[in-house]
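**Student:** Sequence:
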Amino acid sequence: AEAARRIGGDGQAPQLPETGDAELANLAHVFNETSRQLQSRRENQATLLAGVSHDLRSPLARMKMAIGMLAEEFSSPLLDRIEHDITEMDKLIGSQLELARAQEREMAENTDVDALLVDMVEAAEAQAPGRLKLHSSHTSCLATLAPISLRRCIGNLLDNALRYSSDSKIQVVRRQFKGIIFIGVRDHGPGIPTHLAEVVFRPFYRIESSRNRTTGGSGLGLAIARQLAETHGWKVALKSRSGGGVSAWLLIPEIDSAPNSR
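Counting along the sequence shown from 1, when you hit position 254 you're at 254 in our numbering, and nothing is skipped either side.
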């Protein structure tokens with residue numbers, strides 16, 4: 001049952017032992033073969049997407065350079081608009097490339113989670129002064145995990161909160177309970193309807209009432225965060241807050257907790 005659930009989630013299901021009576025052994029063999037085929041298709045899709053995204057950036061760079069040279073000789077709102085659109089296309093392609101790379105598992109290493117969060121909050125504060133505050137439990141938090149993927153995952157959650165919560169305050173929370181690390185990003189934006197709490201993780205999905213073109217973004221931030229989490233055995237979930245806004249939670253299970261955490 002757990003292996004079947006994994007196929008429906010991150011697609012990285014463990015292979016079942018092909019033992020026992022003939023019927024069970026055959027069933028396990030079919031399951032394992034299906035799992036291998038699905039994983040192969042996922043990898044091929046990610047490779048294709050990464051290749052196409054990479055190839056598209058070269059002509060875009062040349063177009064942007066040409067527009068820049070024209071702008072030096074001619075001042076035109078149309079040229080400014082074209083340059084802006086090219087920049088947005090480049091960002092979208094970059095997000096597509098990041099989504100593809102999110103399926104690649106990163107090597108884990110001993111990581112000071114609190115130091116990482118402090119660094120990320122300070123960096124975000126430089127762009128949104130006075131809006132962020134970090135709340136961490138008094139005990140230190142050391143874990144063996146993928147630090148770059150953790151940064152990317154939390155960074156997308158922070159970017160989502162900053163983008164959709166106007167000028168309101170944002171809290172970053174770190175807790176640890178029964179061996180599980182909880183990292184939360186709480187905003188005071190418009191919130192998300194309960195029935196859409198999972199739908200918003202789909203690539204390019206937007207809630208039109210609050211997440212429209214005026215907010216910018218590619219619509220891939222949450223999808224990337226979810227893919228990064230699933231690739232490394234973590235979980236990401238959103239929950240609307242009773243007082244308004246959204247809490248985005250990243251759960252890192254006990255298997256990633258380092259022995260020297262305390």
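There's no promise every hint is true.
Straight line, CA to CA, 20 Å or less: simulated SDA-like cross-link-like pairs of lysine to any residue [what the hints assert, rightly or not]:
(1) 133 / 115
(2) 235 / 107
(3) 133 / 152
(4) 133 / 199
(5) 235 / 109
(6) 133 / 110
(7) 64 / 39
(8) 64 / 106
(9) 169 / 242
(10) 133 / 144
(11) 235 / 142
(12) 235 / 169
(13) 235 / 184
(14) 169 / 131
(15) 133 / 74
(16) 178 / 124
(17) 235 / 196
(18) 169 / 179
(19) 91 / 179
(20) 235 / 179
(21) 178 / 138
(22) 169 / 136
(23) 133 / 166
(24) 133 / 151
(25) 169 / 189
(26) 91 / 189
(27) 178 / 120
(28) 169 / 120
(29) 64 / 74
Hints were generated in silico from the structure; no laboratory data involved.
**Student:** Does the structure keep residue 64 and residue 74 at a Cα separation of 20 Å or less?
**Tutor:** holds (15 Å)
**Student:** Next pair to validate is residue 133 with residue 144; report whether the Cα-Cα distance is within 20 Å.
**Tutor:** violated (25 Å)
**Student:** Measure nothing beyond the straight line between the CA atoms of residue 64 and residue 39; if it is 20 Å or shorter, mark the hint as holding.
**Tutor:** Judged against 20 Å, a Cα distance of about 37 Å means the pair is violated.
**Student:** Given the hint that residue 133 pairs with residue 74, test it: the Cα-Cα distance must not exceed 20 Å.
**Tutor:** It is violated: about 46 Å lies between the C-alpha atoms, which goes past 20 Å.
**Student:** Check the hint pairing residue 133 with residue 110 against an upper bound of 20 Å on the C-alpha distance.
**Tutor:** This hinted pair is violated, its Cα atoms lying about 25 Å apart.
**Student:** Straight-line Cα separation of residue 169 and residue 120 no greater than 20 Å?
**Tutor:** holds (16 Å)
**Student:** What's the verdict on residue 178 and residue 138, does the C-alpha distance respect the 20 Å limit or exceed it?
**Tutor:** This hinted pair holds, its Cα atoms lying about 16 Å apart.
**Student:** With a cut-off of 20 Å on the C-alpha distance, tell me whether residue 133 and residue 151 pass.
**Tutor:** holds (17 Å)
**Student:** Please work out if residue 133 and residue 152 have their alpha carbons no farther apart than 20 Å.
**Tutor:** Cα-Cα ~19 Å, so holds.
**Student:** What's the verdict on residue 133 and residue 115, does the C-alpha distance respect the 20 Å limit or exceed it?
**Tutor:** holds (14 Å)
**Student:** For a C-alpha distance cap of 20 Å, please report whether residue 178 and residue 124 respect it.
**Tutor:** Cα-Cα ~30 Å, so violated.
**Student:** Taking 20 Å as the top limit, are the C-alpha atoms of residue 235 and residue 109 close enough?
**Tutor:** holds (19 Å)
In summary, the structure is inconsistent with hints 4, 6, 7, 8, 10, 12, 15, 16, 18, 19, 26, 27 from the numbered list given earlier, while agreeing with the others.
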